[in-house]
Each structure stands twice: as C-alpha cells, then as structure tokens.
Amino acid sequence: MESAKQIIDSYNGRKLRVMEVCGTHTHEIFRLGIRRILPPQIELISGPGCPVCVTPAGYIDEAVMLALEHGAVICTFGDLIRVPGSEMSLAGARSKGAAVKTVYSPLDAVDFARENPDKQVVFLAVGFETTVPAACLAVKKAAAEGLANFSILGANKTMPNAYKALKGSADAFLYPGHVNAITGTAVCEGLVKLGVSGVVAGFTADEILTALAVIIRLSASGEPFFRNCYPRVVRPEGSPAALKLMDAIMEPCDAEWRGLGVIPMSGLKLRPAFAAYDARLKFTLPPVAGRSNPACRCGEVLQGKCKSTDCKLFGTACTPLHPVGACMVSNEGACSAYYQYGDILNG
Amino acid sequence: MDNMNKNDFVTLAHGAGGRQTAELIDRVFKAHFSNPDFTGDDAAVLPVDAGKIAFTTDGFIVSPFEFPGGNIGKLSICGTVNDLACMGAKPLYLSCAFVIEEGFPLAKLEEIAAAMKKTADEAGVRIVAGDTKVAGKGQVDHVFITTTGVGQLTEGVRTSGAFAKPGDAVIVTGDVGRHGCTILLARNEFEIDADVTSDCAPLWGTVKSMIDASHDIHVIRDATRGGVGTVLYEIADQSKVGIRLNSADVPVAPEVRGVCGMLGLEPLYLACEGRLVVFAPKSEAPAILEALRKGPYSANAAVIGEVVADHPGKVVMTTEIGAQSLLPQPGGELLPRIC
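Protein chains in written order, with my numbering: chain A, 1 to 347; chain B, 1 to 339.
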C-alpha cells in the first residue's frame, strides 16, 4: 500500500488549492515544514481559522471601552491582548490603567467574578465551536449562581457559513478536527451538495499528511467529496452534550469577520433569556465601526488572495513583537507562522 | 533561643539587625551553613590559589517557592554553581542574601536553608557569607534569594558562547523543558495533573566528567530561562554560525511532551535548571557522551544537532517528516518568575 507521503510525492495532476481553517493546523503545517515537501501544484492556504485573526478591530474597541469607560475587569485569553483595535489594543488600554486579566478558561472568569463582587467582570468570548461550549457553561454557571457582576462580550463564530462564503477560494478544505469533534460531520456532508469539498483532519504529522493524500485521491474524479480522516476523535454525531448546551444558551446571528466582512448567520449570541449576561446590553454599548490599518492585508491573506509575504508591512512594520494585523498576533496566525518558521535562507 | 521556638513566623524585628536578627541567623543559617569559613565577621576571608577565578551572581524569585524536585533554596545554589561550572570553574565559595516577607513561616525558611546546605555540599561549595532582610507583608512574594559565587578555573579549559565552530556537535545533557513544565503545573492555573519533577541540579560534577574526558570543548551553557532553544539562538548569534537540529533527537520526557501538546508549547523553549548545552568537535562527542551518560544528571545526554557555516545566526530544524523548518526565534511569551 502506498503511504500518504508517497501519494503526495508522486502527485502530478492539476493544481490543487487546499485551505486549512484551523489555527492549530496552520501552526503545525508550518512547524513541520509540510509546505516544503509538497509538489508545486499543491498550494496550502491559511484560511480564517484562528479566532484571534478573524476578530474585527471594532470588537477590540468595545473591550477597550468596557475597560476604560465602564471600569470593567476584562478577562481574556492571552492572545487577544495584543490585537490592535482602531485606537489601541488591550495592552495599550492596560498601560492607561485598564484592568485586563489573562484567563485560561471562561470558568476562571466566573470564579474571579464571584471572588470580587464589587467589580464588573467581562469575559471576551471569541472562538469557534471548540470554545463556545465553555463560554456557554460559564454563562450557565453565572446564571445558576445569580452572579450579577459577570457578563460576556460575544464574538463567537461558527464555520458552516464561512465555508460557503469561502467557496471558490480553494479546491478543498482541511476541516478542523477539533471543531468537527463538537459539531459532527453532517454539516460537511451537506456542503458536498453545494459543491464544497473537504476532509476532516487531525493534527499530528501523519494525520495531516494522510488528509492531504486523501484530498489528492478524491480530487481525481472532479466530483465534490467529503471524508472524515480523524475518526479516532470525530464521530458523525459530534458531541451531543456540547451541542445541546450551546443551543440552550446561544442562537445564530450575523457576524463580522476581520477582513471578510459580515457573513450572515456565522456568529452566535446569547439567547434573550440570558440577556443579563450580554455586556453590550448591560453597558448599553453604542454600535462601533472599527478601523484597521488600511495597508494591512490580513483580510486577503485569510481568503488566500495573497501570501503574508506579499504584504508591504510584513516583517517590517508588522512583526510578532509589534503586530499591525491580527494574523501576526496569535501563534496560530498565518503571518506569525510565516514570520517564525519562514524562509530558511532568505527570511 | 526559647523565644524563637515559640515564634513561628518571620517578623520585621528579625530584619532589624538586633537580637532577633542574631537569633534568626543562629537558628536557621548558622545551624545549616556551618563551616570553617562561615564566621560572624563582616566579610569572609578566603585563600586564593594561583590562576584565575570565575565570579558570578544570580537572583531567585521563583513562584511557587517550592515545587516538585526542589525549592528556591536548592535553585539558588544550582543557578550560581552551574553558571560557574559552565565556564569550566570549580565552584568554591558562595554568598547568599535573603529578602524575606514578613509572616513567612520559619519552618519553611529552615527547609530552604537545609536544601541549600545539601545542594552546596553536593556541589563541593561553601556558603561563607550572607545577609538577611525582612520586607513588609506584600512587598515581596514569600522569599527572594540572591547568591554570588566564585570558582577556580580549570587549567586548559576555556569555554565561551563565541567559540562554536562549524563541525561542532551540539549536545544536551538530558531531557529538556522539565523545570519550566514543573513550575507551570505547580501554579495550578491549568488544572492539569502530570507527574513532572524539576531537573534542578548542581552540575559541577557533570561538567567535571566532561572536561576530564576532553579539554576540547568550545561552549558549555546552562539552559535556564528560555530553554535550550534560546541558548541555541544565543550561540548562533555570538559565534556567527548556523545550527542544524534534528527534532527527533531532542530528548523530551513523555509527560513534558504531553503537557506541551495540550498547551501548545515548544519544549525547547521551556526552562531547564539542570541541563547543559555543549558544543564540541564531533571527534570529541563520543568520549563526552560516554562520560555524561555515567553521571547522575546526564544519563539521557544526546547529540541533537551540528554547527554549520551556512545560515549564520539561524537554527534550522529537520522535523519529524524530514522537512526543514526554522526553529522559531525566542518569543516574548516566556513564563515569568520561573527561577
């Protein structure tokens, strides 16, 4: 039997554009140097898979406003702290006296709120289906305990409508195994009918190479396809418990993606029954239209329209220590990966 | 002394320089550090042999102050002893300065002093001078220690970060990332249970075994903050050489690899406190490895790469799929207060 690597090495078919839509895939693909062993016809594109990268500037502006104008303690995953807003990042707000606390789980923010009843605590709920259940659990717990000083600033996103919006950017998607572990595979099977192809992939070197080899084999027919190449973790039905929890607490809404604009019904917001935990309503935040640096090409990078290295800011004005665009902030961002693992001899 | 026994905590009076300070020194420090060169005078008076001495200092503020595999006392001896050892210097004398938070339990202070004594004895070094200050509650986190040391340079051995040459083998003396991983878990922020202990160890014996096996060693550096990855970039920069690394050859304990996998960390960037990175000509590597593998702290020593003339200043890794990838430059996300 041919190994995945042999199938990839011997590929001499038409050009294949494969988009990964998970930050961990992006990071692993760069770390392992997978792009360097692919034949030239196979192009890997880092799509909008890193939650930090797709967070629009306006969202950061809202968080800064909550911290500086409303005196709220912002609890967030660490990556978000350095993402540029229109005027400043949360790190910038912190230097102006904002209270910004790094947490590793939304439940840590609930604990912090309970221990500090005199403070308003806002958790920045970003992320895809992998992190949504934890945010929902935090809200559920806060509601059960009647915590009046906890709320979330929501920017959670879901992948299905993003795939539709990105159709045409790639010949096949490398579906994010962790997301599918929650959502199951029905959505991806449904996408086949819309002409969207892809395979669910795991995260080890073998799993990523296998997924690419399967894409090569299934692309040969020219018909749209789907395969679950991560069956040890992803079951067709996903995680019913997590899906039930999400459905009880949140409902679909339109969502703005940095660089991609508003994708209908690609986000999640709290259901009306949990409105008391929605920071936008609680603090009556005005609508915010964020502004990104116009020279930044993160949006095109996320759609595979250009490479990180095509951006004028890359590696000069925009570096991991001084990021201009969101894709340079997170370890899982395409620009950060290009910068860190980049071209060996010319980088 | 009777007063002391009833007094379970360090108080500001213990740092005031009066009778209670003397009692604290007698009970904790003199009791543990006692040796002929440790006198009550203002400074230790020490014999100096011919040749050169190495001289270094290091401050320790690790949080938590005790962790699986050691405590801040052991760490404070290892850190300075290892810095001397990396220069090929036999550690001779140490001083230690304590800043203790008001309310710190005396029993814990005794545990720290006992660990320092035990580690110093193992390293063959004498603690000959000290200082004790007490800071108000909240002004320091439990206890901070600064140690300063002198060592006697071994004749014929001269190491420096600038001496790596193309053709050198790159050796690590054991599995990487243990200390950083241990501290990360000891802080309980991730609620991950894993059986990981710090590699914190005094390494003069390890260095001596190497220089007894070969005097032709170019670089010895202890991989503390920033881990082995940071050391490799430092050496590539200082020596203006390229380094090629084979990721499959880097020893990492399975539990450390597991924790790193969960948290998205690179073991090469986690701190060690008992591991050396050694650069020596490839012809010397077998003898050095053989000597290392007999030692208590270097049984898993391994060659992990080589020095090349290409791509100076860069560390290129052959990954598990055989592709070449740049080892990322040390970033700003290192864990604070690990040592």
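Where hints are given, some of them may not hold.
As the list claims (entries may be wrong) - Taking lysine to aspartate or glutamate and the EDC-like style, the derived pairs with C-alpha atoms no more than 16 Å apart in a straight line are:
id, chain 1, residue 1, chain 2, residue 2
1, A, Lys5, B, Asp193
2, B, Lys137, B, Glu102
3, A, Lys307, A, Glu115
4, A, Lys101, B, Glu102
5, A, Lys15, A, Asp171
6, A, Lys101, A, Glu115
Said to hold, decoys possible - Below, a sample of chain A positions facing chain B; criterion: calculated Cβ distance under 10 Å:
id, residue
7, Thr24
8, Arg31
9, Phe283
10, Glu332
Simulated from the structure, these hints should not be mistaken for lab results. Keep in mind it's a predicted model, so treat the numbers as computed, not measured. Idealized CB from N, CA, C, for every residue including glycine.
Now for the hints, and whether the structure bears them out:
1. A:Lys5 with B:Asp193: Violated, at about 36 Å.
2. B:Lys137 with B:Glu102: 5 Å, holds
3. A:Lys307 with A:Glu115: Violated, at about 46 Å.
4. A:Lys101 with B:Glu102: Given pair A:Lys101, B:Glu102 is violated - Cα atoms ~27 Å apart, limit 16 Å.
5. A:Lys15 with A:Asp171: 9 Å, holds
6. A:Lys101 with A:Glu115: Holds - the C-alpha atoms of A:Glu115 and A:Lys101 are around 14 Å apart, at most 16 Å.
7. Thr24: This interface hint holds because 8 Å falls under the 10 Å limit.
8. Arg31: 6 Å, holds
9. Phe283: 28 Å, violated
10. Glu332: 8 Å, holds
Hints 1, 3, 4 and 9, counting from the list given before, are not met by this structure.
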